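One letter stands for each residue in the lines below.
There are 2 protein chains.
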Amino acid sequence: MKTLLNILVITFLALTIQVNAADKIPATSHGISYPTGWQNWAAIAVSHRTDNNTLRVILGNDVAVKAARSGNTNPWPDNSIIGKTVWKDTKLKNWEAATAPGKFVHAEFMFKNSKKYADSYGWGWARWVGMDQKPFEKGMRICISCHTPVKDRDWVFTDPAELP
Amino acid sequence: MKTLLNILVITFLALTIQVNAADKIPATSHGISYPTGWQNWAAIAVSHRTDNNTLRVILGNDVAVKAARSGNTNPWPDNSIIGKTVWKDTKLKNWEAATAPGKFVHAEFMFKNSKKYADSYGWGWARWVGMDQKPFEKGMRICISCHTPVKDRDWVFTDPAELP
Numbered sequence: 000m001k002t003l004l005n006i007l008v009i010t011f012l013a014l015t016i017q018v019n020a021a022d023k024i025p026a027t028s029h030g031i032s033y034p035t036g037w038q039n040w041a042a043i044a045v046s047h048r049t050d051n052n053t054l055r056v057i058l059g060n061d062v063a064v065k066a067a068r069s070g071n072t073n074p075w076p077d078n079s080i081i082g083k084t085v086w087k088d089t090k091l092k093n094w095e096a097a098t099a100p101g102k103f104v105h106a107e108f109m110f111k112n113s114k115k116y117a118d119s120y121g122w123g124w125a126r127w128v129g130m131d132q133k134p135f136e137k138g139m140r141i142c143i144s145c146h147t148p149v150k151d152r153d154w155v156f157t158d159p160a161e162l163p
Numbered sequence: 000m001k002t003l004l005n006i007l008v009i010t011f012l013a014l015t016i017q018v019n020a021a022d023k024i025p026a027t028s029h030g031i032s033y034p035t036g037w038q039n040w041a042a043i044a045v046s047h048r049t050d051n052n053t054l055r056v057i058l059g060n061d062v063a064v065k066a067a068r069s070g071n072t073n074p075w076p077d078n079s080i081i082g083k084t085v086w087k088d089t090k091l092k093n094w095e096a097a098t099a100p101g102k103f104v105h106a107e108f109m110f111k112n113s114k115k116y117a118d119s120y121g122w123g124w125a126r127w128v129g130m131d132q133k134p135f136e137k138g139m140r141i142c143i144s145c146h147t148p149v150k151d152r153d154w155v156f157t158d159p160a161e162l163p
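If you read the sequences in order, they're chains A and B. Per numbering that gives the first Met the number 0, the first sequence starts with residue 0, numbered consecutively. Per numbering that gives the first Met the number 0, the second sequence starts with residue 0, numbered consecutively.
Okay, chain A solo, but in the shape it has when bound (with noise of 0.2 angstroms):
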């Protein structure tokens, strides 16, 4: 009886920690899942956008950022993924000429494999909107549509900065 106790305590405590863990890790964005972690991937690049007023850092997974150290970028190589972490731009406390990040707008992805996302030109575009980063659904193709003007740069518009 003890030991039946045992186990179904244990079973709870398990299936607890699991729905805690699923609660933390956003739903898929036409149908790809969150990239954990991106939070600390190295900058590729950095940009401002003066026609919506954002400050972007463009973020590489390690398969991105090793092609872009190394300029192997048309096309990115499978298994890369790009992120863009989007703010509204807002100045800088206490340097009046400066712009920094104010809220934060949304995060964005393109993950490469030419075969799985053949349909997509090689890539899955996936978004997440807000603090609570809800996925964005509204279709892959609003996103290639935006993209249409780099579609000869392998649909990407980041050069990656220069770095010693």
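It is possible that some hints are incorrect.
Below are the EDC-like pairs computed for lysine to aspartate or glutamate, each with C-alpha atoms no more than 16 angstroms apart in a straight line [to be verified]:
(1) B:92 <-> A:61
(2) B:102 <-> A:158
(3) A:137 <-> A:158
(4) B:92 <-> A:131
(5) A:102 <-> A:131
(6) B:87 <-> A:161
(7) B:65 <-> B:77
(8) A:90 <-> B:50
(9) B:92 <-> A:50
(10) B:90 <-> A:50
(11) A:83 <-> A:61
(12) B:150 <-> B:118
(13) B:92 <-> A:107
(14) A:150 <-> A:118
(15) B:83 <-> A:161
(16) A:115 <-> A:77
(17) B:87 <-> A:158
(18) A:65 <-> A:158
(19) A:133 <-> A:153
(20) A:90 <-> B:161
(21) A:102 <-> B:153
Note that these hints are calculated values from the structure, not bench results. None of the values given here were measured: they were computed from a predicted structure.
Since chain A is already given, all that's left is putting chain B on it; use the hints.
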């Protein structure tokens, strides 16, 4: 005799490797050792300065990133290193209203150690200039002078960017 020759060859090779490795690490700036590997540190924020047309990503070592993520930044904990990578801005190809990194200018760093750097407000200030990472040796006072407006924020301009 053969053993002696082997020892000499191995010693020569070991010395050669050491010299080559030393060749690649830039010399100290203000007596501070070069923080190798900073190119892959996580981003804390970005900024765009319109007074000198530069784009920046603000990076941190593990201690600084942990402090930034948990809001533990006034003061920043000892052993934090905050890095700022600076590029001249340039128009992003294929998106007219966007600015992206052009020529690399320099990488500058603040090393927190409240005892070691007590004479410079708890921070060691260093900079390496250009793609050849030439050490800046004009003195910490130049850095400190520019940072004086933020002396009540532990001498740091950057607010860690909001992240989910």
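Hints and how they fare:
A threshold of 16 angstroms between alpha carbons decides the hint, and for residue 92 of chain B with residue 61 of chain A the separation of about 25 angstroms lies outside it, so the pair is violated. Taken as a hint, the residue 102 of chain B and residue 158 of chain A pair is honoured in the structure, with Cα atoms around 12 angstroms apart against an allowance of 16 angstroms. Restraint check: the Cα-Cα separation between residue 137 of chain A and residue 158 of chain A comes to about 27 angstroms, which exceeds 16 angstroms; the hinted pair is violated. The straight-line distance between the Cα atoms of residue 92 of chain B and residue 131 of chain A is roughly 32 angstroms, outside the 16 angstroms bound, and the hint therefore fails.
At roughly 13 angstroms between alpha-carbon atoms, residue 102 of chain A and residue 131 of chain A fall within 16 angstroms of each other, so this suggested pair holds. Proposed proximity of residue 87 of chain B and residue 161 of chain A is supported: the alpha carbons are some 10 angstroms apart, at most 16 angstroms. Between residue 65 of chain B and residue 77 of chain B, the direct Cα distance comes to roughly 12 angstroms. Compliance with the 16 angstroms bound is thereby established for this hinted pair. At most 16 angstroms may separate the alpha-carbon atoms for a hinted pair to count; residue 90 of chain A and residue 50 of chain B meet this at roughly 13 angstroms.
For a cut-off of 16 angstroms, the pair hint linking residue 92 of chain B to residue 50 of chain A stands: about 15 angstroms separates their Cα positions. Pair hint residue 90 of chain B plus residue 50 of chain A holds up; C-alpha atoms about 13 angstroms apart against a cutoff of 16 angstroms. This hinted pair checks out: residue 83 of chain A and residue 61 of chain A have alpha carbons roughly 15 angstroms apart, not beyond 16 angstroms. Restraint check for residue 150 of chain B and residue 118 of chain B: the C-alpha separation of about 14 angstroms stays at or below 16 angstroms, so the hint holds.
For the suggested pair residue 92 of chain B and residue 107 of chain A, the alpha carbons sit about 20 angstroms apart, so the restraint of at most 16 angstroms is broken. For a cut-off of 16 angstroms, the pair hint linking residue 150 of chain A to residue 118 of chain A stands: about 14 angstroms separates their Cα positions. Using a Cα cut-off of 16 angstroms, the hinted pair residue 83 of chain B and residue 161 of chain A holds, with the two alpha carbons roughly 14 angstroms apart. Note on residue 115 of chain A and residue 77 of chain A: the hinted pairing holds, with a Cα-Cα distance of about 10 angstroms set against a maximum of 16 angstroms.
About 14 angstroms separates the Cα atoms of residue 87 of chain B and residue 158 of chain A, which keeps this hinted pair within 16 angstroms; it holds. A threshold of 16 angstroms between alpha carbons decides the hint, and for residue 65 of chain A with residue 158 of chain A the separation of about 14 angstroms falls inside it, so the pair holds. With a C-alpha separation of about 27 angstroms, the suggested pairing of residue 133 of chain A with residue 153 of chain A is violated against the 16 angstroms cut-off. For the proposed pair residue 90 of chain A and residue 161 of chain B, the alpha carbon gap of about 15 angstroms is at most 16 angstroms, so the pair holds.
Taking the CA atoms of residue 102 of chain A and residue 153 of chain B, the gap is near 23 angstroms; set against the 16 angstroms cutoff, the hint is violated.
The structure fails to meet hints 1, 3, 4, 13, 19 and 21 from the earlier list, while all remaining hints are met.
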